[in-house]
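Enquirer: Listed below are the residues making up each chain.
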Amino acid sequence: MKNIILIIKNMVFAFCCLYSLSACSGDDSGSKACDENVLIDAVFFENGPSMSLGITKMEINQDCLKISFNSSGCNGDTWIVKLVDSGEVTQTTPPQRTLRLSLSSEEICEAIVEKIISFDLTSIQIQGSNQVLLKISNNDSQILYEY
Amino acid sequence: MKNKLFTSIVLFFAGIILVNAQSDYYYYQGEKILLTLDRSQIFVIVNENFQKSEIDNKYFEDFNIEEEKTTLKKDKFVTLKFKEVPINQNFLSEIDKLKNTTNIKNVSKFFKRGDGLSISHASNFFFVKLKKIEDYQLLLDTSIKYNVKVFNQNEFMPLWYKILVPENATESSLKLSNMFFETGIFADVDPAFMFDFNNSCANDLNFNLLWGLNNNSNPNIDINICQAWELSTGVGVKVAVLDNGIDKTHNDLNDNISILSYDTKTGMSPSVFVSNLVHGTHIAGTIAAERNNNLQVVGIAPNSSIMSISNELTISPTISEELANGISWAWQNGADIINNSWGDQGGVFFGDLHSTLLEDAILNAINNGRNGLGTIVVFAAGNKAPAMDYPATFHPDILTVGSIMSDGSKSSFSGFGTQLDIVAPGSGIYSTLPNNTIGSLSGTSMAAPHVSGIAALILSVNPNLTGKEVRDIIEKTSQKISSFSYTNVSGRPNGTWNSQVGYGLVDAFAAVVEANKLVIEGSEQICIGTPETYTLTGNIPQGAVINWEYPTNRMYIISGQGTPTISFGAFTPGTNQLIKATVTSAGSSAVSEKTINILSSTTPAIPKTVLAPDNPFNLVCCGQTYTFRHSICSQNCTNIEWGFNIMSQDPNDIYYFNTTTGDITVQKNTYSPLVLSTRARNLPAGCGSPSGWSNSISRYYGVVSSASSTQTVLSSNQEYEISSDLPLKKYFITNENNLYIDFLNLYDWLSFRYGNKNLSDNEVQTILKMLSNEAVFESVDIEIYNFSGAKVFEKKNIKRTNVLNLSQLKSGIHFVKFSSTGMSFSKKIIVS
Chain A
503 MKNIILIIKN
513 MVFAFCCLYS
523 LSACSGDDSG
533 SKACDENVLI
543 DAVFFENGPS
553 MSLGITKMEI
563 NQDCLKISFN
573 SSGCNGDTWI
583 VKLVDSGEVT
593 QTTPPQRTLR
603 LSLSSEEICE
613 AIVEKIISFD
623 LTSIQIQGSN
633 QVLLKISNND
643 SQILYEY
Chain B
17 MKNKLFTSIV
27 LFFAGIILVN
37 AQSDYYYYQG
47 EKILLTLDRS
57 QIFVIVNENF
67 QKSEIDNKYF
77 EDFNIEEEKT
87 TLKKDKFVTL
97 KFKEVPINQN
107 FLSEIDKLKN
117 TTNIKNVSKF
127 FKRGDGLSIS
137 HASNFFFVKL
147 KKIEDYQLLL
157 DTSIKYNVKV
167 FNQNEFMPLW
177 YKILVPENAT
187 ESSLKLSNMF
197 FETGIFADVD
207 PAFMFDFNNS
217 CANDLNFNLL
227 WGLNNNSNPN
237 IDINICQAWE
247 LSTGVGVKVA
257 VLDNGIDKTH
267 NDLNDNISIL
277 SYDTKTGMSP
287 SVFVSNLVHG
297 THIAGTIAAE
307 RNNNLQVVGI
317 APNSSIMSIS
327 NELTISPTIS
337 EELANGISWA
347 WQNGADIINN
357 SWGDQGGVFF
367 GDLHSTLLED
377 AILNAINNGR
387 NGLGTIVVFA
397 AGNKAPAMDY
407 PATFHPDILT
417 VGSIMSDGSK
427 SSFSGFGTQL
437 DIVAPGSGIY
447 STLPNNTIGS
457 LSGTSMAAPH
467 VSGIAALILS
477 VNPNLTGKEV
487 RDIIEKTSQK
497 ISSFSYTNVS
507 GRPNGTWNSQ
517 VGYGLVDAFA
527 AVVEANKLVI
537 EGSEQICIGT
547 PETYTLTGNI
557 PQGAVINWEY
567 PTNRMYIISG
577 QGTPTISFGA
587 FTPGTNQLIK
597 ATVTSAGSSA
607 VSEKTINILS
617 STTPAIPKTV
627 LAPDNPFNLV
637 CCGQTYTFRH
647 SICSQNCTNI
657 EWGFNIMSQD
667 PNDIYYFNTT
677 TGDITVQKNT
687 YSPLVLSTRA
697 RNLPAGCGSP
707 SGWSNSISRY
717 YGVVSSASST
727 QTVLSSNQEY
737 EISSDLPLKK
747 YFITNENNLY
757 IDFLNLYDWL
767 SFRYGNKNLS
777 DNEVQTILKM
787 LSNEAVFESV
797 DIEIYNFSGA
807 KVFEKKNIKR
817 TNVLNLSQLK
827 SGIHFVKFSS
837 TGMSFSKKII
847 VS
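Those sequence lines, one after another, are chains A and B. Yeah, the first sequence ends on 649 if you go by our numbering, and it's all consecutive. Yeah, the second sequence ends on 848 if you go by our numbering, and it's all consecutive.
Everything labelled a hint here was simulated from the structure, so no lab data went into it. This structure is a prediction, so every number in the text was calculated from the model and none was measured. From the three backbone atoms N, C-alpha and C, an ideal C-beta is built for every residue, glycine too. Please note that the accuracy of each hint is not assured.
Said to hold, decoys possible - Here are some chain A residues the structure puts well away from chain B; computed CB gaps all over 10 angstroms:
| hint | residue |
| --- | --- |
| 1 | Cys536 |
| 2 | Gly575 |
| 3 | Gly589 |
What the hints assert, rightly or not - Listed next, with one range per pair, are the computed distances between beta-carbon atoms:
| hint | chain 1 | residue 1 | chain 2 | residue 2 | range |
| --- | --- | --- | --- | --- | --- |
| 4 | B | Glu64 | A | Thr594 | 55 to 61 angstroms |
| 5 | A | Ser570 | B | Glu64 | 53 to 59 angstroms |
| 6 | B | Ser501 | A | Ala544 | 46 to 52 angstroms |
Hey, can you work out the whole structure from these sequences and the hints?
Expert: As structure tokens, this is what we get:
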């Protein structure tokens, strides 16, 4: 009897686990495809780390903004990279948001390290609009995010 | 590009070629081997100005001008393939035409070996094997006889020597190698054939990726490593890499890792390596990855030894101290060079890194490393252009390295400015990565180890160089990338410089040649009867034997045989005489020669001088500076040296004399006169003594207040003549028998009396006497004698302007004598 109960318990647990995994993947498929979320923080936008970097490529795939960039360092393992939104929306057509790629590094090597990192843009969608123009302040570039 | 490889040839002919009437051959292990002329092609070395249009395309296929990167000199070459193989006569005719083409330096035939492989013989060296080590002198003698140079001794086989053939040699190196062998003096020769291999100067599999070492796309933009490796591979040099750890097990690096290593965090040996940190392994590979092991890459100094000094190279409160300790440990444990591919990231980490402790450690390495010769400290310039990074910038004795790309342009990230010394390849640099892999990285991090590697090549051939000398050599020999303009800059003594690329792109070959050079310093002429000293500088190992040779039929040694400094005397004249110093150490020898002229002593004729035609009467006061010529040469004016003698001058006046031109530049600040004497002599053109001096020309120069040099005009109402012996301007006696006397200002009187004339010695002495007793002329002694010669009146020390009542004298003729400072002047007066 104990064994039957144990088997049922295990089956319930396994079902719950499978259900749970299925539910997770269904709900957060967008963010799981990106490396990081966008940080919306006006103070950090102004005062957060700002080591010089060079953005070499930007592209949006579904809700992910993939940024290729480089900066000086050893191998970039210590780098903390954030895409920061200033929090302000310019009501143009399409509306605009200003963002900055923030790099914090503690490396003093003189190699040029290339990195690719993607950010989930869903948090900076604007209600009532199906697109927003993202202005990247690092290199005065912009990219249209349609959703 | 088709690369060529020089090799020490070991030929095993599959089949012996047919012996015919040809005269081309070489020797292999004592056996004469005939070569078959390959008339299908010709090998041509051309200069920079060569144009394809200079070749008649009627006979030859289209061709490329390629760059020869394996010979000791970097030349361009062309392989001309005939459209149709010509008959012998036409073949020779084409060779003659090519030889007479302006921009063609050398024309060389191709031969075929027994195995059918084409070989050319355009090399400028060959090898000779001595029968026994003591035969070195025979090698030297033979080299002199055939006008070639003994370059060096093989490092591993001391009986073998490399012989350089000069550009102006009348015979090919192939023929010269045969001539050496045929003397019977030597055991063997190796003609160093040039093979038409597609390979290059290293068999490392990815050598073609190392554009910084050998740039196939832009042959002028690399460090000329293939030529440098002919001379040095970094043997015996230790390079410390202060970085984030090295994978010492890497199969292309492990044989060149020193057992000496240190971790700055723990303060202990060995160094630490974390596998995900690639930077340090990449740096080490660029410096010392192994060569010709059929593995991935090769370093610039592939026989140097890497000392790993590990540090995480991430900011921490103790990082300055750790880095300082790493540098100190390195030089105190024998590092010859310390590579530092790290910095403050455009100032972001200046506050974290800036430290007197760190700076002191760097300077101690530079000043005290290598037993006081100085460790070479190399730093990356930084990747935050235009900023340059600390500590690279903190001291000029640090070798600061920027980065260029493979097309010769500056890497966009590379810091630049006044503290940039040189540039090296730094973009897209392949090197070793952990776990037996390789990969490409960019940054001034990658440029710095190119320079560290070259420093290792330099020290390997000349370990006695100081750190400063190594830095100077690297800077002086750098290549001027043509897309930048260079100028002479104050504080940059090693050539022209540009703020973007410093002295230019480092040149491993030129640097090693410069470092290896023995130079005899001293005059290019010896005068018979005058000892001359010569000093040998350059690579002289401790304990080396130095032997001086010289034309014994013309010269002799006074002192110094066996030492770097020698004093010669000479007894027979001769031009283009050779003195030679041979330095022998551990079985290896190096030679330096100097051509001198031995000259007889001659003594030129004495010149004649006259007063300059525009010589001024007076000088002009005050403050102006002007130039005049006192006298000129009129005869025997060959190599004049002027002598000046100021006999009277106010110390507040300034005079400058040009002993070559005779010009006198004066700034007259006072009204004091100048008494000047000039003379001239001829110096010998070569050897000998100067002539005697010409007669002096002496002059008195008065002074006027405006730019006038006219004669001073004395008052026209003088009743009596002006004295020629005393500065008496006027005197007269009145009806009341009052004697009026008026003396002139001394300077005016001297100007009147002596100005504008050549002075005798007596006159000069008189003037000097009067000038030195100027105050005395404020008074004068008066004596009056009657016609019988009896003194009837006397007054001493009366003022120069005065009235004397002579009414007590009897009427009649009297003689008045004016005296002052031992000089006197007598005149007749009539007392009524």
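Enquirer: With reference to the structure, classify each hint as holding or not holding.
Expert: Now for the hints, and whether the structure bears them out:
Under the 10 angstroms C-beta cut-off, the non-interface status given to cysteine 536 of chain A relative to chain B holds; the minimum distance is some 24 angstroms. The beta carbon of glycine 575 of chain A is not kept farther than 10 angstroms from every beta carbon of chain B, the shortest such distance being approximately 8 angstroms. Listed as outside the interface, glycine 589 of chain A is consistent with that label: its C-beta sits roughly 26 angstroms from the nearest C-beta of chain B, beyond the 10 angstroms cut-off. Evaluation of the 55 to 61 angstroms hint for glutamate 64 of chain B and threonine 594 of chain A yields a pass: the beta carbon distance comes to about 60 angstroms.
For the pair serine 570 of chain A and glutamate 64 of chain B, the supplied restraint of 53 to 59 angstroms is violated, since their beta-carbon distance comes to about 42 angstroms. The hinted window of 46 to 52 angstroms between serine 501 of chain B and alanine 544 of chain A holds, with their beta carbons roughly 48 angstroms apart.
Hint check: violations occur at hints 2, 5; the rest are consistent with the structure.
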